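Enquirer: Each chain, written out:
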Amino acid sequence: MPQVDFVCMGSSLVRRCRSAAPICLVAAALSVAAPAWSQTSRTDAVAERQAEKAKDLKPRMPPGAERAFKWVKDELIDEPSGLYPLFGSVYSGGGFTLGAGYRRYYGDNTHWDAKVLQSIRNYRLLELSTDSWNHAGGRLDVHARAGWRDAPDVPFYGLGIDSPRTAAGFGVTQAYGGADAVWRALPNVRLQGGLTYEDYSVAEQSGSRPSIDSLFTPLTAPALGLDPAYWHGTASVGYDWRPAAGYARSGGLYQVRYHRYAGGVDDFDRVEGEVVQHVPLVRQNWVLSLRGQTDAILGDTAVVPYYLLPSLGGGDTLRGFSSWRFRDRNAALATAELRWIPNRNIVDVALFYDAGMVAPEFGDLTLRRFKSDAGIGVRFHGPAATPLRIELAKSREGLHLVFAGSAAF
Amino acid sequence: MRPSTLRRITHAAAIGLAGAAVATLLAAGPRGAGPRFFHDDPLTREPDTQDASKVKPWDIDLTIDLATNLFSRPGDKTADVRAQNVNTIDEVPDSSWFTNRIGARPLSIEDAVRGPLRSDGPSPDGWTVTHAKEAGFSPGFTMQDGAGVTWFVSFDPRGFPEAATGAVVVANKIFWALGYHQVENRLITVRPDRLAISGKATFRPPSGVRRPLRRGDIDAVFARAHRNADGTYRAVAGRAIPGKVLGGFRYHGTRPDDPNDVVPHEHRRELRALKVFGAWTNLVDMKAGNTLDTLIEVDGRGVVRHYLQDVGSTFGSSAIGARDYDEGYDYLYQGRPLAKRALLFGFPLPVWATVPYPDERAIGRFEGKVFDPTRWKPRAPTAAFLRARPDDTFWAARRVAAFPDAMIQAIARTGEFSDPRAADALAAVLMQRRDAIARAYLPAVNPVVDVALSPEGALTFANAAVDAKVAAAPASYAVEWARFDNATGESTPIGQRTVVTAPRAAAPDRLPTTAGAYVKVLIGAVDGPRAWTTPVAAYFRRTASAWTLVGLERQP
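Chains as they are written, first to last, in this note's numbering: chain R, 687 to 1095; chain C, 135 to 690.
Check each hint, because a few of them may be wrong.
To be verified - Partial chain R-side listing against chain C, Cβ under 7 Å, derived:
| hint | residue |
| --- | --- |
| 1 | Gln736 |
| 2 | Ala740 |
| 3 | Arg790 |
| 4 | Tyr791 |
Just so you know, these hints were derived from the structure itself, not from any lab.
Keep in mind the model is a prediction, meaning the values are calculated, not measured.
C-beta: ideal position from N, C-alpha, C; glycine also.
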């Protein structure tokens, strides 16, 4: 049994207690409590210590950092209504984006929400929305939103997979308003439909690139010089058995989405197909994640504004290329990732390979002409979300660093 | 010395200091400052002498508690501190935290199967829902039965019948037998159409705006719960704990407004012992949120009683399904292994990646063949978990080893699994893990126990590791005798060191016989594992007609 050594008495108490603090503190306590030895029983000695504590009882006072953390958590995160911080994206290529929102409930599961986002490249978003979910026995969610988005410096490299690396620039603003509904018809089956009015205005870009008007014509940049507005209808059906869309190591998504744009220059239709499959290996110590994606404008004749064409490039598609690097009427993308899981709750690391192509005709999408990149990434995640994804991708056009606030797929 | 300097130092260590002092008082008096042993040693009950009725309820934030435990090392920073609430014979006295049961007192299988149950459960009719559960993952609600008793009802998640509810009742009885204050949990069958909703019941929906509880809110609970084929639901009903609810307790520090709480929790042996008990049962969710303090009245004084309130996060199922593979193997966050595996492409392959689990859905991912108790980890380490020393784990392992097969099997059957193979599988794994714990921890210190000295001077003792059949008996033990001066702490050898081949020895002729005399006996193995050669010191006090064990020191 450890013996307490009464060496730290008198004037040397402080110095010795600093160097051998714990033991000395016990000894100091005991020496201070010397009268305890006048007690005749162990029970009395314990009672004396408890009586000493009883003289100075006080509720716990959390340290300042804990109080600050709790305030942030309670007021900005947990509180259903009120102000909250926002990390998101205004538009692809906008860079790091911060914002704030204000949410107010007006039903058990219904709130309105106002938010503002601003990126370091001066991309901006204002949006007012209302969301209501878990109707019809928890199967139906409905959403409505109206907003204004401004992307003042968007690159345009021209059409096709062989477009040059030199980009022109343009600015685009979009005012929109609409609603959609999601119906979970069966477990894992999602049906979605929505209608939005979208009004686009193209302006001079704010960056250092040459103006799109100086390098392109309406033939090489469809609808150049026009500011169309569309009624944009969407419908999708998907089977999604991933544990969560924001972060998954197993399951898959098989989805088709149809778009109908009416008004504007011409009416046109667009179809997206996406297949995602996560293959866990050795109990999810590794995960092979695969994605195939196509995006096609239906028909050959409708004029589709260049900024509404399918595109590749950027942190969600071809990560080794700049955002919006390739545009055309059809696009295909294949991605493979080998992820390993150093910690199942916080972080993934992945090696990835992306390959994709755009083409004027769907039949022109041939594997041999796919552009590709490869890289490595780190993803900081929770059980259902990936708030930070950092990736370094290499392509023939150089190295690209990706910062994103969502899962790769 | 400047008074302010001393004040800063003492304030900085105030809680730990007071606790350490009392602990030392509980265990042994300081040499030269007073008697080593008091007349009431060894204490069999840790006293609560002060009125704690002014204790205020608190709410321990789960995120802060988790972050504190994962990213810092709260509590006393001193390494290798002996448990401070043990008595002079190295045992944990009964207290507001703990009641000695298995391994300390006779405990029949019937007692263990009954566990904390003191009633017949909720009355058959008149169930009225008073709250829908608003926190945690498992579906549930609070109700009053026809007799006005409040019960907390929780269900199995949809698709995982019997797993969560079975774990709760089985673990409930195990932890009761181990000595912890437990809630009375009963398996019940709920028929939704027989539930009434109290007119005073309220509910807090996602909006955060509290409103009257509606039938739809209860329907939403049932929608997440596993439904039996006949439309009923199996559930666990936990009886409301008596007393005023004060919130949970932390596994470090003390409650500053409880005058009787003077031993830092990280230095309480029964909390350190959860390193072993947790490993045995896979109690991975060892957080403050699963504990509960209540204020009760004892002898006219307010006393805080401490519960391990929720031990349902055990075995191989979580509240929402089978456990993740890594639970029990990794903390939620560990910096160095994380960095290593990030740099090495996921290598080395973690143990959990290849562990074979029994194919029993009702008990989930819970196995005993690969299980290594020394490497088991909860989701987040508590300060008490990290401070456990070999003498603490030895103490805990003796209690685990004290569960006979028949008792484990009987307790497992209280889970009332519809497939009896599930109970058998659960019991089998618990027995495998019990044996692994005994193998790991009993031989790790000198396992001499049950030391006794007859009035005639016959010394007997046992070897816990040998008795548990996890180690071979040493060829011989060395025994040394000494007179012990209780006032000065000085020992005076009596006779020569003797070597015995069996766990018994005769006292030397010159053993004192006067009442109040003390002798000290050192017992260590001559060979055997190295730790066994460090002697255990036993202290006996002579009464008029017998020798009483008053002290036992086991070096870790």
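Enquirer: Which numbered hints turn out to be false for this structure?
Expert: Of the numbered hints given earlier, the structure breaks just one, which is hint 3.
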